[in-house]
Amino acid sequence: MTGPVALKAAYIVTWVILLGYLGSLLRRFRRVRQEMKDLKRSS
Amino acid sequence: MKNIFIAFIVLTLGLLAYSTYQGLFVAPTEQTMGEVQRIFYYHVPSAWTAGVCFFVNFLASVVYLWKRNAAGDALAAASAEVGVTFCTIVLITGPIWARPVWGIWWTWDARLTTTLVLWLIYVSYLVLRRFSAGGQAQVLAAALAIFGFVDVPIVYMSIRWFRTQHPSPVMGGGENSGLDPAMLHAFFWNLVAFTCVGIVLMVLRYRLQILEEKVEATHAAAALQGDAR
Chain A
543 MTGPVALKAA YIVTWVILLG YLGSLLRRFR RVRQEMKDLK RSS
Chain B
4 MKNIFIAFIV LTLGLLAYST YQGLFVAPTE QTMGEVQRIF YYHVPSAWTA GVCFFVNFLA
64 SVVYLWKRNA AGDALAAASA EVGVTFCTIV LITGPIWARP VWGIWWTWDA RLTTTLVLWL
124 IYVSYLVLRR FSAGGQAQVL AAALAIFGFV DVPIVYMSIR WFRTQHPSPV MGGGENSGLD
184 PAMLHAFFWN LVAFTCVGIV LMVLRYRLQI LEEKVEATHA AAALQGDAR
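Heads up: the sequence lines are chains A and B, in that order.
For the first sequence, my numbering gives the first residue as 543, with consecutive numbering after it.
For the second sequence, my numbering gives the first residue as 4, with consecutive numbering after it.
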């Protein structure tokens with residue numbers, strides 16, 4: 543692995559991890575909000 | 004409060020764009036390592052942010068054990084997860100830097116090993132929280148967090164206490180340490196930007212934790228009502 547390739551790989555990996563984690567948080571928010579709505583409707 | 008948080012997110016995005024530009028295009032190229040040294044501008048701020056998250060986790064765990072308040076526990080859960088995310092970045096970007104510079108991906112030196120142990124401790128913490136049943140899970144997690152935090156200063160001091168393959172400290176490492184002012188500028192703004200990203204993620208994760216606990220409490224209340232009937 544050459545220097546410039548390693549540099550690109552490191553920056554891409556960082557962004558993929560951060561955006562992936564943010565995406566997982568947003569998915570979990572959507573699921574919990576939906577669950578909350580269903581609970582309110584059923585009670 | 005919501006508007007302040009949105010403004011903070013916008014500020015964080017601006018800081019990230021500025022600091023990445025500084026790290027990639029403005030900071031001078033290091034003479035020995037060349038372009039690959041620029042990984043430093045993401046690697047070290049990630050390690051710093053992980054350390055901040057684990058410190059928040061430590062404080063929140065102490066508060067939880069002391070006061071038994073739900074907010075402390077929620078903050079502990081949030082900060083541990085975000086800390087593990089940043090620690091993962093450190094453990095991946097480090098070997099990517101090491102391969103062209105050292106010729107190897109990994110070596111079991113003190114800094115690398117203690118960082119891997121740190122990651123394993125907080126992954127165990129998350130697994131414990133996720134899969135423990137019963138009322139003692141939060142107490143056990145808080146106790147693990149307090150003992151686990153002992154590794155953070157060990158990681159920081161490892162390159163001072165031991166002779167390691169990992170580079171010696173750039174900041175506060177004695178007479179021959181320090182950065183070129185243009186490098187220092189890029190490093191400083193990346194440090195600020197990553198800290199802000201860590202805060203944004205912790206706030207979001209904290210809110211999610213509070214919502215999840217509300218849903219669990221509503222489920223429990225509904226189950227109790229069903230039993231009563």
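Just so you know, these hints were derived from the structure itself, not from any lab.
Misleading hints may appear alongside valid ones.
[Unchecked claim] Here are the computed lysine-lysine pairs in the DSSO-like style, where the Cα-Cα straight-line distance is at most 27 Å:
| hint | chain 1 | residue 1 | chain 2 | residue 2 |
| --- | --- | --- | --- | --- |
| 1 | B | Lys-5 | B | Lys-217 |
| 2 | A | Lys-582 | B | Lys-217 |
| 3 | A | Lys-582 | B | Lys-5 |
| 4 | B | Lys-217 | B | Lys-70 |
| 5 | A | Lys-579 | B | Lys-70 |
| 6 | B | Lys-217 | A | Lys-579 |
Since the structure is predicted, the reported quantities are computational estimates derived from the model, not experimental observations.
Please flag the earlier hints that this structure goes against, numbers listed from lowest up.
The structure breaks only hint 5.
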